[in-house]
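Engineer: Listed below, chain by chain, are the residues.
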Amino acid sequence: MTNEHLMPVAEGPYPPTEAMLAEPVSQAEQERGKAELRAAWKTPVGWRYWSAVNNTEIGVWYSLTAFAFMLIAGLLALAIRVQLAYPDNTFLDADRFNQFFTMHGSAMMFLFAVPMFEAISILLLPALCGARDMPFPRLSAFGYWCFLIGGVFILGSLIFDAGPKAGWFMYPPLATKEEGIGPDVWLLGLSFIEVASIAAAVELIVGTLKTRPPGMRVNVMPLYAWYVMVVGGMILFAFPPLIAGDFLFELERSFNWPFFDPERGGDPLLWQHLFWIFGHPEVYIVFLPSIAIAAMIVPTVARRPIVGYSWIVLSAVGTGFLSFGLWVHHMFTTGLPQLSLGFFSAASEAVVIPTGIQLFAFVATLMVGRVKMSLPMLWIAGALAIFVAGGLTGVMLAIVPFNWQVHDTYFIVAHLHYTLFGGMVFPLIAGVYYFYPFFRKKLMSERLGRWAFWLVFTGFNLTFLPMHLTGLKGMPRRVFTYPESSGWGWLNMISTIGAFIIAAGFAVFVYDLFRSKKYQGVIARNPWGAGTLEFSHDVPEEAWGVRSIPYITTRYPLWEQDGLVERMDAGRFYLPDAPDHQRETMVTSVIDAKPIYVQRVTGPAWVTMFAAAFTGGAFIFPTFHIYEPAIVCAAFAIVCVMYWLWTTTARPPEHDMRDAGLGLRLPTYASGPNAVGWWGMWITMLGDATAFAALIFGFFFYWTARPDFPPEGALHPDGMWISVGIGLLVASWALILAGRELNSRAHVARARLAIALAPLAAAGGAFAVYLSVRDLDPTSHVYPAIMWALMVWLCVHAGAGILMQGYCFAGSIAGKLTPKYDADLRNVTLYWHFIAFKSLVVGAVLGLVPGWLP
Amino acid sequence: MTQITEKQEAREFHAEATSVWRITFGPLLWAVHFVVSYSATAVVCAKGGDVGVLRLGIGIGTFLALAGIAWLGWRAWQQWDTLRNRGWENDTGTSQDRHQFLGHAAFLLAAISFIGVVYVALPPLLIESCQ
Chain X
1 MTNEHLMPVA EGPYPPTEAM LAEPVSQAEQ ERGKAELRAA WKTPVGWRYW
51 SAVNNTEIGV WYSLTAFAFM LIAGLLALAI RVQLAYPDNT FLDADRFNQF
101 FTMHGSAMMF LFAVPMFEAI SILLLPALCG ARDMPFPRLS AFGYWCFLIG
151 GVFILGSLIF DAGPKAGWFM YPPLATKEEG IGPDVWLLGL SFIEVASIAA
201 AVELIVGTLK TRPPGMRVNV MPLYAWYVMV VGGMILFAFP PLIAGDFLFE
251 LERSFNWPFF DPERGGDPLL WQHLFWIFGH PEVYIVFLPS IAIAAMIVPT
301 VARRPIVGYS WIVLSAVGTG FLSFGLWVHH MFTTGLPQLS LGFFSAASEA
351 VVIPTGIQLF AFVATLMVGR VKMSLPMLWI AGALAIFVAG GLTGVMLAIV
401 PFNWQVHDTY FIVAHLHYTL FGGMVFPLIA GVYYFYPFFR KKLMSERLGR
451 WAFWLVFTGF NLTFLPMHLT GLKGMPRRVF TYPESSGWGW LNMISTIGAF
501 IIAAGFAVFV YDLFRSKKYQ GVIARNPWGA GTLEFSHDVP EEAWGVRSIP
551 YITTRYPLWE QDGLVERMDA GRFYLPDAPD HQRETMVTSV IDAKPIYVQR
601 VTGPAWVTMF AAAFTGGAFI FPTFHIYEPA IVCAAFAIVC VMYWLWTTTA
651 RPPEHDMRDA GLGLRLPTYA SGPNAVGWWG MWITMLGDAT AFAALIFGFF
701 FYWTARPDFP PEGALHPDGM WISVGIGLLV ASWALILAGR ELNSRAHVAR
751 ARLAIALAPL AAAGGAFAVY LSVRDLDPTS HVYPAIMWAL MVWLCVHAGA
801 GILMQGYCFA GSIAGKLTPK YDADLRNVTL YWHFIAFKSL VVGAVLGLVP
851 GWLP
Chain C
1 MTQITEKQEA REFHAEATSV WRITFGPLLW AVHFVVSYSA TAVVCAKGGD
51 VGVLRLGIGI GTFLALAGIA WLGWRAWQQW DTLRNRGWEN DTGTSQDRHQ
101 FLGHAAFLLA AISFIGVVYV ALPPLLIESC Q
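If you read the protein sequences in the order shown, they are chains X and C. For the record, in the first sequence the residue sitting at position 532 is 532 according to this note's numbering, with numbers rising by one throughout. For the record, in the second sequence the residue sitting at position 29 is 29 according to this note's numbering, with numbers rising by one throughout.
Pulled out of the complex, with its shape left as it was, chain X reads as follows (with noise of 0.2 Å):
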């Protein structure tokens, strides 16, 4: 008997009917419910404010810190434009302009671009699916602090005249012979932050996935949250490539293993590759999120439902695909085979087709409405001209011989902050101005938004409309100043006059977002006249996220669903208490959003703070090559994640069931494939192994790319040990399955046995994969070295595995993990699944593929 038998399943009525919904709550119902949430949902006060972990608080953070690291960013590009003003001019040093014009860059995409998708998305996710939070807040919490320490120690290398100068893109071998520390502040800090973005990927797509309402299903969901579930999974596949390309980077600058050194077989075209797998990607995932906000909007401004909200859907979906074939377009000039650039030239075409079916959808939908002109829909206007225009630059620049001709140019400069400008910032400043009201329950003015408008409109224009001009006029990229013979000079001084201008629409916008607003008193709910979820919201604000979680069947809820907020305000839907004073939210199916169980949901913590600190020590020291303190960091930082999962997480509850609401009993746990953590290791385990197969092209790449790959008469690994150490860990892996399937037919005895045994496997098999590449040096050629590095790649992910298996064993001991709830063990199995795959593709590139290589 497994324990899919012992656990419960939802009982009563599902779908409500209409009678069920129209059954009146007491008065002294209601005032429970509402006592019960307040407790349960209490935000912390005083200085212990600073422990929160609800979304709305970590949103709201979030998001200002990525607009401050924004706004440093800007101001960065505006001393680079004082200094390109005129022929000759000496306000910046090249040093200094070179470290600002990369931090420029850094920031604006790794710092701005993507922390602002997800922290609005933090913010706004739940209350679209009418729920109380996200699956996890406290690895929100724990992704936002990662972000500050990482964020303050990138921008803060420029105080102390360290920072990285070799371009936002690091290339080598420019970058991995650059004296000081600059490019290890940017790798690590970078990494480090990476990290904390896929953190908040994967709580974003399980968020999407898991925690719709009841009935929501997925022909009916807001169109932001399919753009946020695409966008999740874009960020999943393309950020590992990158971290997989920093760890060899760093693996260089730190010890010396030749992987970007043509000299000793390396090459550094491997890490172009590397970066703009990730590259190119990313600028859709900076666009596809910010064109979301538009998506809300406009429905809302022609006051109907959006038209083809399937093409849209295809939008969505099929830029996601297609930008991953386009990366080579930032690579036209480095001598591929014309063939190969062909490939890519063709999928930049093509990805035109899926951009612009969204940007019709939204004009028909203007169209067929009874367009109510706002100040959002004045800013989605600007973003779409601007955008406009900078994707037809982009049909040109994926012409190969045009690209080739403006190849590092000004040119390049203006298309992309078209597109940037266009895609990102004006649609993200349309949301601030639609979603204020929701985020603050104030409003913002409409006087100042449209001066902030015309200034930063106009400003934009004046500086990037000429650059194309001064680009084709042969003004390359990256140079701190140039000659007055030139004749650039002109072009420049007004590119800088309109810098000025976008500064000063800027501060009109940063005042109005500050400003005190206390005169406005109690706003409206729907200022807007919305049909979307997050118009239900309480004003004044209650912490609960939702009164009581409804039943959806339509997509604008608010328009299509009469009398829905006054059914919810009166705690009629699905858990409208907290019996316990726990926090809870509801768990729903996939597709069709049908009602799971009752997540237990973490409240205000510090670990979490501490956990992020000790990372960032753990990924800060190694910077300047001190590396005990950074393994002391590294051990505390697991210390403080595993006391937090074992205090908070997949305990066995007090109750196994709750009453829902509306007829409804729920269980409170769930282990395997319904529950919300499995979905987070499953999504997790997807993006690592994108980083794994990173490497693995690595080795490929080498061998096409090189022909002394391997180097005749090399060491190769040895066989013997390979098979012992590859043996052990599926040792490990069948031995953690077989505890499973024992613990959940109730053999409690054996299934200890077999998960005490696992660890041991594994680290035995660690060990012989290490002999195996002992003997090899490798520092002396490239093949050694990425052996070298899949072996520690694989050691590390054994080590966490032995964690992992060793926290079951003490769990099944102390009674959290039992045959009932065994969540912690179907999620480790989950994890040491693709260890066993892992381990079988590196025992073969290991052993086997070097003698079958021609």
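To be clear, the hints were calculated from the coordinates, so they are not data collected in a lab. One thing to keep in mind: the hints can contain errors.
[Claimed, not checked] Using C-beta positions, here's what the derived DEER-type ranges look like:
| id | chain 1 | residue 1 | chain 2 | residue 2 | range |
| --- | --- | --- | --- | --- | --- |
| 1 | C | G59 | X | G713 | 32 to 42 Å |
| 2 | X | F514 | C | L125 | 55 to 65 Å |
| 3 | X | V479 | C | V43 | 32 to 42 Å |
[Unchecked claim] Calculated from the model, a selection of chain C residues having no Cβ within reach of chain X, i.e. all distances over 12 Å:
| id | residue |
| --- | --- |
| 4 | S39 |
| 5 | I60 |
| 6 | F63 |
| 7 | L64 |
| 8 | L66 |
| 9 | A67 |
| 10 | W71 |
| 11 | W74 |
| 12 | R84 |
| 13 | R86 |
| 14 | R98 |
| 15 | A111 |
In this text, a Cβ means the ideal position worked out from N, Cα and C, and glycines have one as well.
Position chain C against the provided structure of chain X, taking the given hints into account.
Structural biologist: Showing chain C alone in chain X's frame:
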């Protein structure tokens, strides 16, 4: 006994009840075609192979990919079922509308994947050598 598992509905649309992935099969075929064409080209151009054979191979691969996408598109067209049931928007919270919506989305994605594969097949059709 639970009433929440609607037996009839579960039988009717069982195949898609747990997965949204199938709408991505068209784009996945595009991706496989893209990666295989690119990798084969990289290896042939770097290691010195017969470009004629490569182009022929990509041609056959393209045919297979297009046939696969066309088949997926046909299946999706049937699932969308727009000729018999002319609800364009499929915007109500019923399993019927969800079923048709997923068909529509998969159909559109198959169409875009088809175009994408054709685009990617053009360079080897028109360019006769690696350089």
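Engineer: State, for the Cβ atoms of V479 of chain X and V43 of chain C, whether the hinted interval 32 to 42 Å holds or is violated.
Structural biologist: 38 Å, holds
Engineer: With 12 Å as the threshold, tell me whether S39 of chain C passes as away from chain X on beta-carbon distances.
Structural biologist: 8 Å, violated
Engineer: Please verify that the nearest CB of chain X lies beyond 12 Å from A67 of chain C's CB.
Structural biologist: The assertion about A67 of chain C holds, with a minimum of 19 Å to chain X.
Engineer: Should the label of R98 of chain C as a non-interface residue stand, given a Cβ cut-off of 12 Å to chain X?
Structural biologist: Violated, because the least Cβ-Cβ distance between R98 of chain C and chain X comes to about 5 Å, which does not exceed 12 Å.
Engineer: Against chain X, does A111 of chain C keep a CB gap of more than 12 Å to every residue?
Structural biologist: Non-interface label on A111 of chain C violated, nearest chain X Cβ at 8 Å vs cutoff 12 Å.
Engineer: Just want to verify: R86 of chain C was marked as not at the interface with chain X; is every Cβ pair farther apart than 12 Å?
Structural biologist: 14 Å, holds
Engineer: Say whether it holds or is violated: W74 of chain C keeps its Cβ farther than 12 Å from all Cβ of chain X.
Structural biologist: Fine: 17 Å to the nearest Cβ keeps W74 of chain C off the interface.
Engineer: May I ask you to check that F63 of chain C keeps its beta-carbon over 12 Å from the closest beta-carbon of chain X?
Structural biologist: Fine: 17 Å to the nearest Cβ keeps F63 of chain C off the interface.
Engineer: Minimum C-beta separation from I60 of chain C to chain X exceeding 12 Å: can you confirm that?
Structural biologist: 17 Å, holds
Engineer: Is it the case that R84 of chain C keeps its Cβ farther than 12 Å from each residue Cβ in chain X?
Structural biologist: Non-interface label stands for R84 of chain C: nearest chain X Cβ at 17 Å, farther than 12 Å.
Engineer: Taking the CB of G59 of chain C and the CB of G713 of chain X, does the distance hold inside 32 to 42 Å?
Structural biologist: 41 Å, holds
Engineer: Checking the smallest CB distance to chain X, is W71 of chain C really beyond 12 Å?
Structural biologist: Correct as stated: the minimum Cβ-Cβ distance to chain X is 18 Å, above 12 Å.
Hint violations for this structure: numbers 4, 14, 15, all remaining hints satisfied.
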